[in-house]
Amino acid sequence: MKKFTAYKDVSQAEDLVALAKELKQHPFQHQEFGKNKTLGLVFLNPSLRTRLSTQKAAFNLGMNVMVLNLDKDSWSLELEDGTVMNQNSQEHIKDAAAVISQYCDIVGIRTFPDLKDREADYSEQLLQKFIKYAQVPIVSLESATRHPLQSLADLLTIEEHKAKAKPKVVLSWAPHPKALPQAVANSFIEWIKESDVELVVCNPEGMDLAPEFIKDVTVLHNQEEALKEADFVYAKNWSSYENYGEILAGHENWRITADKMQLTNKAKFMHCLPVRRNVVVTDEVLDSEQSLIYQQAENRTYAAQAVLLKLLGHE
Amino acid sequence: MKKFTAYKDVSQAEDLVALAKELKQHPFQHQEFGKNKTLGLVFLNPSLRTRLSTQKAAFNLGMNVMVLNLDKDSWSLELEDGTVMNQNSQEHIKDAAAVISQYCDIVGIRTFPDLKDREADYSEQLLQKFIKYAQVPIVSLESATRHPLQSLADLLTIEEHKAKAKPKVVLSWAPHPKALPQAVANSFIEWIKESDVELVVCNPEGMDLAPEFIKDVTVLHNQEEALKEADFVYAKNWSSYENYGEILAGHENWRITADKMQLTNKAKFMHCLPVRRNVVVTDEVLDSEQSLIYQQAENRTYAAQAVLLKLLGHE
Amino acid sequence: MKKFTAYKDVSQAEDLVALAKELKQHPFQHQEFGKNKTLGLVFLNPSLRTRLSTQKAAFNLGMNVMVLNLDKDSWSLELEDGTVMNQNSQEHIKDAAAVISQYCDIVGIRTFPDLKDREADYSEQLLQKFIKYAQVPIVSLESATRHPLQSLADLLTIEEHKAKAKPKVVLSWAPHPKALPQAVANSFIEWIKESDVELVVCNPEGMDLAPEFIKDVTVLHNQEEALKEADFVYAKNWSSYENYGEILAGHENWRITADKMQLTNKAKFMHCLPVRRNVVVTDEVLDSEQSLIYQQAENRTYAAQAVLLKLLGHE
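Chains as they are written, first to last, in the working numbering: chain A, 1 to 315; chain B, 1 to 315; chain C, 1 to 315.
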């Protein structure tokens, strides 16, 4: 594995899930891989789970960690090539990436989309330029269109909690007052659709995700129909892909409630967090026995640890 | 010891002081307790001494440390239960606490009072909710009403510098241009009043601290009378408890000066820092041989180290 | 070595360069010096290279590291002695320095000039006061007038890439839209002029650096003349020393271009970064085979590591 930014970077996703599961049992057994190695974590956006779980994963492997809040601690970045940099940007991304990778054995980077220019966001320009100019393996800590560390943790969580060989997994759009990226949803689909599950995505009309992600995936516009006999319900808001970045108002009835969970096969409930309680999903569901939200959070450590270990050369 | 937020969390304060004293002599002797353990430090407010001394304490024990400036690096918190979170707060404290504790063996948290709603501040709502939902031991890095790591360091400092079995210790209110919490004063009283000292608190009329802290404590409104024959003078400003959060103006003459120190029994001078020089106390006193301000700061490391070691299971 | 803030703090610069070169080959060989030692990095200004390379250097030596963004994480500092601190500053530098050094074995500090009061900047008041009150060795992470870790890395880079015994090294002023410190240029001259090179500084008239730095140095006001037969070209902007802090406009033709590099002896190109591309120097030069900008950045680690190792007591 040379980098970890999308499903296609991984040769065998099941092997990575299995490795994460093993690391959860024996977290400190591979410190010979991390000794004298340094992980750099670069944030251009806020982070709680990713920030802490990835550090913890590195500590478990015996690595050193440096955190750089690039938006606050350092210089503003220029993304365009050939620009005469006489305005506000102080350092070109090609120089920042090349320099940061002088000091790190692996670099993680978080960069959100601006949700204004779809083509720019979906070309993943910042992440791709960073990869191009860095000289070490790059781990996405969530990029404009994907959040693969979250998806890997989600796969591990489903693997741990499934009660049948081929569970039904429903990803449901949910309401939210702010414009959010499509990254978590895109990424979850990209990873889970290759697993041995029955995947159903449901969202209001006009809120379909990008064709590259939902190709060959069952997408329903009727939430109740989708939830029937579900074994796992994953709720997540995203802003519109079609009317790029727009918020869909007036769909509060898409909120996941205990009544809706009654339609399912006593489904487990999942969300990547942070979650706006009683907007996306009710307290009753989040705080129920069926909720796996903290298990997902816990599994972030072992997902990150498996990825770091692979990038450090573990077979 | 399950947590460290107030005097009552500790079974034998003298034992903790003795442990801190021992760690100061042999700081690196217990690294088997900290190996592969992670301390998370969560700040909702500025910090210098606490931030650095607690990290240093953890390093001395061989622990890993992660720092989260929750107010800047992450998401804004919701404190109320049952809220429909469709406004500004992005993550509920119950989720933040549960998640952060997935990645840490011990979590330290700093949360200042807003000094507007006395009942809310004195119920320690943020700290208590964090404790309720966290799944690991919590250390207060200063909360709305207490600063116990400071108090433990202060006890160690008095223990090291007392010249008689039962010294007279005077805690004196001092002037300040901004509204400050009562936490350091409350906490100092809570800890020192159980020690073998003669404790006197002095403050202007109307500036008495909360009854729960000054019950059974000698409180004088005449500073000169209080200072007589003192062996230790601890100066600290606090805003009003009665007229909650108000600044008391026009009492510049409560500033500690060399002349006032002449009233004492060559008393040692103490302050928790940061201190506004020549407002709270004059340079002459702060920079004198009698001043223990840097010794107090140094002892913060060993106070924190003793607390962390206890929480890691040291008997 | 007691501190590292200027050339004069070092007894033998060549020995330090040689140590840095050796550490680059064997970075992890001296961890017995760093074990249980803590480096504190204090930033009052932005930093990328210095922040990461100095952490990496400390990790290579087995040290623990704590980073304090003093401008954001903590309290605002008072620099003047004797002030009645009833305004905005919350902590005196003498207290901050004394306290921070309680928790660290070595402290690094970054403090930029304000470029308004030349005398204040050139007296290095903040750095000097910090040193005066700290009780441990201090490393400058760039101060008002010098950036010695950069200069040491630059010396190492020149040593590695020189093709003749006494190369011609040209430091050229270059255009920039903002007022920048003179620190990198001052410091480069201070270090390189003692080496076995032919040093030429060139800048527009009125942009001469401080006499203490350019005394006995060849300073030309004609860039083309200066560049002739150069083996190394180091480009850097600085604001005016004479009209202190002023930007020199209308000198875009001082930008380093491929054409200008033709005047040289196939010179290597150097810049400390961050660089405003196509303002200071063209992409063509920066991205050419002759460019050493990333090698300079890489060498920051080993320069810092040599300095830390010396301060830890290595002979």
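The reader is advised that the hints may include incorrect statements.
No distinction is drawn between identical chains; accordingly, a pair holds when it is met within one copy or between any pair of copies.
Simulated pairs of lysine-lysine, DSBU-like, Cα-Cα distance not exceeding 35 Å [what the hints assert, rightly or not]:
| id | residue 1 | residue 2 |
| --- | --- | --- |
| 1 | Lys-178 | Lys-228 |
| 2 | Lys-228 | Lys-35 |
| 3 | Lys-72 | Lys-166 |
| 4 | Lys-129 | Lys-72 |
| 5 | Lys-116 | Lys-162 |
| 6 | Lys-116 | Lys-178 |
| 7 | Lys-37 | Lys-178 |
Read the hints as simulated data drawn from the structure, not as lab findings.
Evaluated hints:
For the identical chains of this complex, Lys-178 and Lys-228 are intra-copy neighbours only, at 29 Å inside a copy versus 60 Å across copies, given an alpha-carbon limit of 35 Å. For a Cα distance limit of 35 Å, the shortest separation of Lys-228 from Lys-35 qualifies neither inside one copy, at 49 Å, nor across copies, at 48 Å. In the homo-oligomer, the alpha carbons of Lys-72 and Lys-166 never lie at most 35 Å apart, since the shortest distance is 46 Å inside one protomer and 42 Å across protomers. When the C-alpha separation of Lys-129 and Lys-72 is checked against a cutoff of 35 Å, the pair qualifies both within a copy, at 20 Å, and between copies, at 27 Å.
Proximity of Lys-116 to Lys-162 under the C-alpha cut-off of 35 Å is found in neither arrangement, the shortest distances being 38 Å within a copy and 49 Å between copies. Proximity of Lys-116 and Lys-178 under a CA criterion of 35 Å is satisfied in both settings, with 14 Å inside one chain copy and 30 Å between copies. Neither within a single protomer nor between protomers do Lys-37 and Lys-178 lie at most 35 Å apart by alpha-carbon distance, with minima of 39 Å and 37 Å respectively.
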